[in-house]
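Taking the hints as your guide, dock the two standalone chains into a single complex.
Going line by line, the protein sequences match chains A and B.
According to the UniProt record's numbering, the first sequence is numbered sequentially starting from 1.
According to the UniProt record's numbering, the second sequence is numbered sequentially starting from 1.
In short, the hints are calculated from the structure, not lab data.
Where hints are given, some of them may not hold.
[What the hints assert, rightly or not] Taking CB as the label site, the calculated pair distances span:
id, chain 1, residue 1, chain 2, residue 2, range
1, B, F66, A, F696, 21 to 29 Å
2, B, V15, A, V627, 34 to 42 Å
3, B, F66, A, E631, 36 to 44 Å
4, B, E108, A, T614, 51 to 59 Å
5, A, F8, B, S86, 27 to 35 Å
6, A, L646, B, E108, 52 to 60 Å
7, A, V665, B, E108, 33 to 41 Å
8, B, V15, A, I143, 23 to 31 Å
9, B, V91, A, R593, 44 to 52 Å
10, A, E631, B, V15, 29 to 37 Å
11, B, V91, A, T610, 36 to 44 Å
All residues carry an ideal CB built from backbone N, CA and C; glycine is no exception.
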Amino acid sequence: MSFVFLIFLPLLAALFIPLLFKKVGKIHTGWFVLAVPVILFIYYASLLPTTIDGGNLVSEFQWIPSLDIAFVAYIDGLSLLFTLLITGIGALVVLYSIFYLDKHREQLHNFYVYLLMFMTAMLGIVQSDHLITLYLFWELTSISSFLLIGYWYTRDRSRFGALKSMMITVFGGLMMLGGFVLLSIMGNTYSIRELITLAPEMATHDFFIWALVLVLLGAFTKSAQFPFYIWLPDAMEAPTPVSAYLHSATMVKAGLYLVARLTPVFAISGTWMWLVAGVGLFTMFWGSFFALKQKDLKGILAFSTVSQLGLIMSLLGASAAGYHIDNIAETTFMYAGFAAIFHLINHAVFKGSLFMIAGIIDHETGTRDIRKLGGLMSLMPISFTVAMIGAFSMAGLPPFGGFLSKEMFLTAMLSLTDFDLFSMDVWGILFPVVAWLGSVFTFIYSFYFVFHTFAGKHKPKQLPKPAHEAPIGMLISPVFLAILVIVIFFIPNRVGDWLVKPAVMAIQPFLYNSPSEVDVHVSAWHGFNTELFMTLGIFAVGGLMFWTLHKWQKSYDRFPDAISLNALYDNLMFLSDDGANRFSMLYMTGFIRSYLVYMFSFVIFILLGTLYLTEAFAVDFTNLAPVGFYEIVILVALVGSTLTILVSKSRLTSIIALGAVGYSVALFFVIFRAPDLALTQLVIETISVALFLLAFYHLPQISRKEERMPFRLGNAVVAVGVGITMTLIALSSHSQKAMPSISEFYKETVYTEAGGGNIVNVILVDYRGFDTLFEIAVLGIAGIGIIAMIKLRLSKKEGQHENK
Amino acid sequence: MKTNDVMLQTATKVVTFIILMFAVHIFFAGHYTPGGGFVGGLLTTSAIVLLMLSFDLETVKKILPFNYVTMTAVGLLLALATAAASIIFDVPFFTHAYDYFDLPLFGETSLHSAMLFDAGVYLVVVGVTMTIIQTIGEDE
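Pulled out of the complex, with its shape left as it was, chain B reads as follows (with noise of 0.2 Å):
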């Protein structure tokens, strides 16, 4: 089936960087405002969709070429390494560190190894959920 959706293309060229944006904002915005890893996870994957709806499998591998199965098992690693880091400061498993920072260009900043544990769920949700498509649409 060949058709020609050039309009689709199009829209999505645009379209999937405001939604990958997005999905960087959600995930920062997390701790504050609604958001985090597992919303922000499931956008990039929502637009990394699209690109394979209006494309085709093979194009969306040459743009994007990550092994899908590896960012899952950074992303476990790294949302273990966090939780088990708390360990070697001898306090319980789990427990977070937090404070606030003076960075330049965003003045002060609040910097939580929460995100850190967050950014390993948004690698395995966007690893998991890619790699179940991805394998699911390669089988003909």
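Same shape as in the complex, but just chain A (with noise of 0.2 Å):
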């Protein structure tokens, strides 16, 4: 089946949401969409077997043969991986929006469309195996991000989050194209997969280096990676199924996916593994840090979305040391890429159902700020119960799916002490060390979280609504996904066999030959090693810590505003829009006579630089028409009538002239036996005549302060420029050619091919269609234009009027 088209399906399904939702308003629209994820979840599912044993499926759609551009959707372990994750997590959040947004009062059809949207473009990248169409679902997710984030669109701070976003994200996406181009130019190709085999050649590059940190700036961007992260937290003023989607489980592990992906074509370079490992532990570290200063229950999930992001980063870039390594099977080495993509699945999981918990307490009491929360224990037991997995998952602690992917990130960090490349041997001890500081504070604020929102006191009187638990329907996603944290904790090796092995494969592929092979076996304890103090270790001083967070908590306030990087972005922001502005201004008069010196001014200016760096100028009098008596007589009255407009003092005098000027050359035409030109020009003539006498009412008198000598003088110097330029072109032209003339082409052709007779019109029509075409669209819109410039100006609403 080529189920490259299955990609599409969601697109096609977004067609008919607004259909839906106008004609069947009494239903929730939500209940439509959700059949697409259930269906395509239930479908991906099935190809699991064939992963499973490390086999892959390939299906292909050309879209631009031409280019060499194509849809190809490439299965193996990780994309299918990411591809039940998106779909999976997607039916959940379908699911749980039904009950979260009121289908009476949203705008439901824009909001599923948006939805349905993103998931095209994510199933897209995941399973592309082109680079551009790859690069195309990227930016799709940005799009779709943007029109989401901004779903709320009367709020200034959901604009601001949805411009931030797209400003951040697209910027990376730019540059990860550029990086894609210079891939496709070192290997001579776009698919992936044959990129992954010409890696070793490639590694020597000159643009191997730049490709990579092009791409990685692409992944960091869309990850949240420091220092990019700052438009996630931004991003939180979407409706919270959309940050549960998008902005947890999804979109932002694309860069995840990316680098992933690309693991096996860079990982032989040091700088790949110390910029992903390096970048994405330090972002572990401060998202956990600053994940405290938060007050809002959603900015909290925001920084530890950044934060464990930043340690699945971390963890593909330790994965890339396998490379260096002989006989991985008997090392600690293995276990980086095997923890990265389990521990991915348990965050999509446990993150998920936190951030459902937080729409629900913002659903139920009104308010998100963790200031005013507090005591809901007793209220809302179920969400309680849940948010208490989550966290505690988040946390590391067991028996829940997060404290084995915990402890296989100390594992990993750990062996990296034990590497010997790329100044590892000096350098590498401040992993470990920098991982167990991020899981300290990580463990703080997973308590924070659950214990500052629902033990305490309860304090009704700051709640906007009277708290309650949420109806069956919005718990039955994050209950779902609650019971799957702690599955994942009693069959973690099912887990690893069906979904991370195979995904492993694919992000080492030159170490594994089937995910048999991949020799990791996941079990909850094993003995007294340094990975079981260190865990104890982050209980107590992390347990000890969170008890004194009343005292201390209050010293981030003290960091200023001014030096952070949101303040960068927003002066960066101001100074490029102002920046901009006030450079317009400097020489945009709204006089269009300015406007008409630019322009003429540019125009000798590269012209007579074409023709003198080309050597161009020649002037040849040979083969010359004589100069008749009709000639010179016209030529005198075009003369005169151009001077006439100059000097003369009324509109309506400069008027005439001008006709005269196209009246003249009119007979020009006909003295050079033109007629299509002459009666063409005789006739376009009669009516710009008529339109200019129309719109001479219209115009302003000409202030008179413009009217200055300098002024005047500089109009001179451009008008004689021009002339000049056109007469030497016109003698240039005459005095060389450097190819042999057209016209007999059209002489032999024109009947034979065009059937016609008259070359000036079987070109307009036929030769040169497109150019026509063209033409008319123009004159369309000028059409267009005039109509807006007229009736729907401003200052006919103020009753104000020039010739008023």
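Structural data, given as structure tokens:
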């Protein structure tokens, strides 16, 4: 089956959403939407047996064959894992949104159209084997994310957040496109699979390091890594289902996917390992550290997402070390890749449930401010249980899935201290230390999130709405995810065999031939080793610091806002906006006569410059036609009427003189036997004089102020310059022929090929039909422009007009 | 300003028709002899402009109750459709087709798909120029 088309199924379904919303308003539109991810999930789950054995499937659809651009859906362990996450979490989020978004008050058709558009984009990213279509889908996620964050577009913060995420992720996307182009130049192919086989040869190429950095910029901006993470907290203005789906479970993991997918291409390089592992780990620490500063529930979760993404990113970086180790199966280096994928699954599950709980609290109490919340434990027992399970998994407590992957994370970070390439032997010790610190803060903010919301004193007076448990429909999805968190803890090896190992094989294809060779066995208890003591240390220090949180949390407010990354972004935006505005105001005077001066000066500059640079100037007076009596008469009339335009005081005289110029040119056409041109020129002249007379009525009196000598002198210089330029070009083009005239070709083919007799007309409608088509399109646009200028003029409302 | 221009008006009544006939001739003759959709359109416009000059906007609107914006759109669509129709016959975009037919009254006549395209050009030219003149003229 050509499953490449399934990528577009959500987009296709989106076409019917507005119709369903309008016609079947009684039923919440979400129920129809729900079918899409469910069907896709079931279909893709049926492909699991193929990838468990390390197999893969390819389905192709040519898009632009002449440019070698195609939609290639490539399903292996990694892409299938992401596909299942996208459709699975997608289904749960849609179910949740049915109860979260009111069908009477919300613009549901917009919401679901954007959501389905996002689903297509995301499926496209993880399945594309073709770099260019991958980029296409990548930007489509940025656009749908923009639309979803700005869903409540009447709020200032929503629009601000939407724009911020767009600016940063699209910037990264463009950088990534550059990286892709370099990759395709190096490998002479757009296919990722082929690039992977070419990786060893490409490593010595000059572009290699550039491609690496550019691709990472794309991945880091999308996956909210330091210092680009600043868009993610502002993206929390989106409706909570969107935050749960895009900004924690799927879209922000696109960067991780890209890094994982391209690891076999770049892993050879030490820069890659340092950048990915280093930036990831620092982000992990930074995010967890600042999560405690947040007062908004979703803000805490946003920073926690940043931190967790950093964690996974650092594991992916560490997995690159495997390429430099012999006999990896006997070392601890093999854990990094496994841990990365395993934690990615865990994170999607527990963070999804936590976001949904934050949404429930917002929905049922009317606020997300953690200072106003507290004591909800007895009022919302189910939500509390779910939140506790999710947060404990995040903190790395047993018996939850997060505990297992956190242990493996520590193992992987410890293994880096044994690595002796790329000066890791000196700096490697930093990795476990920073990882440990980050984990401590992760522990604290997880507890902060749960206990400051659900424990403590209930403050009903500060809540906009009396708190109560959420409706059952809203609880289904988070409860399901919470159960999954526990299930993963008890059957980690089943998850490992089915999902993780096939994906690891895609990250480290040079090391393993089949998923069963990935020799990792997950167990909750593995004796007294360094990891266990580190974990115990995290619990002890984290517990102690959480206990004293109220004493030191205030010190966060001492960080000045003025030197934050957000301030940098704001200033950059302001500067570019304001600067661009000021720059255009420098030369945009609002007077057409100024613009004409710019244009004509530029014409002189370009044309004379080209003449000079290409040494094209030549004068050759042989082969001239005789100048007869008629020509001289018309020429005198032409020059005379042109001068009349310049000196006449009255506008009417100018217009009539301009008409005379046009008619004289028409007469020239007659003399030179160009009846078509003459005819057209005559009619055009007639009509344009009539038009001028009409417009003349509306023109303002030219202000005398600008009529000073320097102004007129400047105009004279430009005018003379244009005249000289045109004369020189005319002389040159007459004096030399670089190639034979095309008119012979026309003469030969006008009847035989085009079935016509009049060359001029056949050129218009046939030889150069494209030109004509676009010209009439431009004419149409000009007509619309004039209607817009005259009929929709603002001053009309004010009753002000120049001639009244 | 009210002037008595009986002579202009009387002449216009005759001349307009001559110009219009000439425009039609020029339009159809275009492929073999001087002319074509562009000139034909401009000539038609000039006839209408003449009407407007000797009578006034409102009268002309009553005589020729066209929506010129629609006319522009129809013209553009016609031109584009003619160009695009070649795709259906699996030849490159903008390939024209022509043949000779024996029509009653006309005798042997060449029918060319370029004529359809030219008709599109004609409509756009008339539509746009009249839109511009009408919009500016009405804006008092």
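Each hint, compared with the structure:
1. Between F66(B) and F696(A), the C-beta spacing of about 26 Å keeps the proposed range 21 to 29 Å intact.
2. Between V15(B) and V627(A) the CB atoms are about 37 Å apart, so this pair conforms to the stated range of 34 to 42 Å.
3. A beta carbon spacing of about 42 Å between F66(B) and E631(A) agrees with the range 36 to 44 Å that was offered as a hint.
4. The hint said 51 to 59 Å for the Cβ distance between E108(B) and T614(A), and at roughly 52 Å that hint holds.
5. Judged by the Cβ atoms, the range 27 to 35 Å given for F8(A) and S86(B) holds: they are separated by roughly 29 Å.
6. Between L646(A) and E108(B) the Cβ separation comes to about 56 Å, which falls inside the hinted range of 52 to 60 Å.
7. Between V665(A) and E108(B), the C-beta spacing of about 39 Å keeps the proposed range 33 to 41 Å intact.
8. In this structure, V15(B) and I143(A) break the distance hint of 23 to 31 Å, their C-beta atoms being roughly 58 Å apart.
9. At roughly 49 Å, the beta-carbon separation of V91(B) and R593(A) lies within the given 44 to 52 Å, and the hint holds.
10. With their beta carbons about 31 Å apart, E631(A) and V15(B) fall inside the hinted range of 29 to 37 Å.
11. Taking 36 to 44 Å as the suggested C-beta distance range, the pair V91(B) and T610(A) conforms, at roughly 38 Å.
Violated hints amount to a single one, hint 8; each of the other numbered hints is respected by the structure.
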